[in-house]
Amino acid sequence: MIELRSLTKRYGDHTAVDDLTVDVLPGRVTGFLGPNGAGKSTTMRMILGLDRPDRGTALIKGRRYADLRFPLHEVGGLLEANGVHPARSGRAHLVAMAQSNGIDRKRVDAVLATVGLADKAGKRAGTYSLGMMQRLGIAGVLLGDPGVLLLDEPVNGLDPDGVRWIRELMRSLAREGRTVFVSSHLMSEMQQTADQLVVIGKGRLIADATVDEVIGAKSNVVVRSPEPAALAALRGHLAPHVAVAPQGADGLHLTGISAAEVGDLAHTLGVRLHELTPGRASLEEAYMELVR
1 MIELRSLTKR
11 YGDHTAVDDL
21 TVDVLPGRVT
31 GFLGPNGAGK
41 STTMRMILGL
51 DRPDRGTALI
61 KGRRYADLRF
71 PLHEVGGLLE
81 ANGVHPARSG
91 RAHLVAMAQS
101 NGIDRKRVDA
111 VLATVGLADK
121 AGKRAGTYSL
131 GMMQRLGIAG
141 VLLGDPGVLL
151 LDEPVNGLDP
161 DGVRWIRELM
171 RSLAREGRTV
181 FVSSHLMSEM
191 QQTADQLVVI
201 GKGRLIADAT
211 VDEVIGAKSN
221 VVVRSPEPAA
231 LAALRGHLAP
241 HVAVAPQGAD
251 GLHLTGISAA
261 EVGDLAHTLG
271 VRLHELTPGR
281 ASLEEAYMEL
291 VR
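The opening residue of the sequence shown carries number 1 in UniProt numbering; numbering runs sequentially from there.
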C-alpha cells in the first residue's frame, strides 16, 4: 500500500504537487493520470525518496522509502528505463542491483526469463533497443519480488506484443495482492488495464475513482421510436443533467443516463421503442472532460 498525506512539493514559486492525499491499495492496478506538468513524475519521485516533499508524507507500507533496509524487497520502481551504463550487460546490471540488496543471483536469471531477455542478457545495454531497455527496467522492478510496484510510462518503446505482455503482467501482479501504481498517457491502454484511477492536474487531486465510475458519468444511449410524439414526451421527462441530441429522424442520443433508466422511463410512459442501445464513453473522453 502507498499512502500519500498532504504531499506538497514546490520549486521556487511553482507548486508541482499540491496537498495530495490518496491511498494506492493492493490487489488492483491503479492508473496515475494527468496532463504533462501535472506532477505525476514528481509524486513518484517523492514516493521513491528521490525528491523530498516540502510538506506531507509518502509512505510505502507505513514507512518512508529512505527507512527501508533492503528497498528492492519492498518496492520496485521504474522511472527512467535508460538508467543503465551502456557498457554493462543486462545481466551484469541486474547482478549489481541484486548484490546491493542481498538478492540471490538465481533471481536475476528468473526475471530475465520473465521479461523475455534471457537470450539477450549478455549483450551490452548500449546496444539494446528502447523496447529491450524497457524490459530490462521491468526486470529490475521485479528483481526483489516486491509487494509494491511503481511504473512510469511502462509501455514506451514496446511493440504491440510487448504492450499486451506488460498489460497482462501488471494485472497478474495485482491479482497476487500486490500494489501496482502506473502512470501513462495512453488512455486506451489504461481503460483495458487499470481498476482504479488517480487523476491530478496542476498538482491537485481531480479524481480518485474506479474506471467504471470515471467513464460512467459519460454513459450514453441511443433510443428510437416509430412514434415522434411519444419520443418528444420521453424527452420532456429526462433529468436536467441529461444531454440530448437528435439521432436521425426517429431517434435521440442521450448522454448521462443508462439504458436501464431510459427503458424504465419508456415503460412508465408507454413509449414504444424500436431501439435502445447502450453506449460507453471512452476513458479518453471522460479524462478530457475531467482535466478541462
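Be aware that a few hints might be false.
Estimated spans, in silico, between C-beta atoms of each pair [as the list claims (entries may be wrong)]:
no., residue 1, residue 2, range
1, M97, D161, 24 to 30 Å
2, E80, H237, 40 to 46 Å
3, H85, G37, 27 to 33 Å
4, E289, R105, 46 to 52 Å
5, P240, E213, 39 to 45 Å
6, G177, P226, 52 to 58 Å
7, R124, R52, 42 to 48 Å
Bear in mind the hints are in silico, worked out from the structure with no lab data behind them.
Because the structure is a prediction, the values reported are computed rather than measured.
Glycine is no exception: its CB is placed at the ideal position from the N, C-alpha and C atoms.
Now the hints, each set against the structure:
{"no.": "1", "hint": "M97 to D161: 24 to 30 Å", "result": "holds, 26 Å"}
{"no.": "2", "hint": "E80 to H237: 40 to 46 Å", "result": "violated, 55 Å"}
{"no.": "3", "hint": "H85 to G37: 27 to 33 Å", "result": "holds, 30 Å"}
{"no.": "4", "hint": "E289 to R105: 46 to 52 Å", "result": "holds, 50 Å"}
{"no.": "5", "hint": "P240 to E213: 39 to 45 Å", "result": "violated, 21 Å"}
{"no.": "6", "hint": "G177 to P226: 52 to 58 Å", "result": "holds, 53 Å"}
{"no.": "7", "hint": "R124 to R52: 42 to 48 Å", "result": "violated, 35 Å"}
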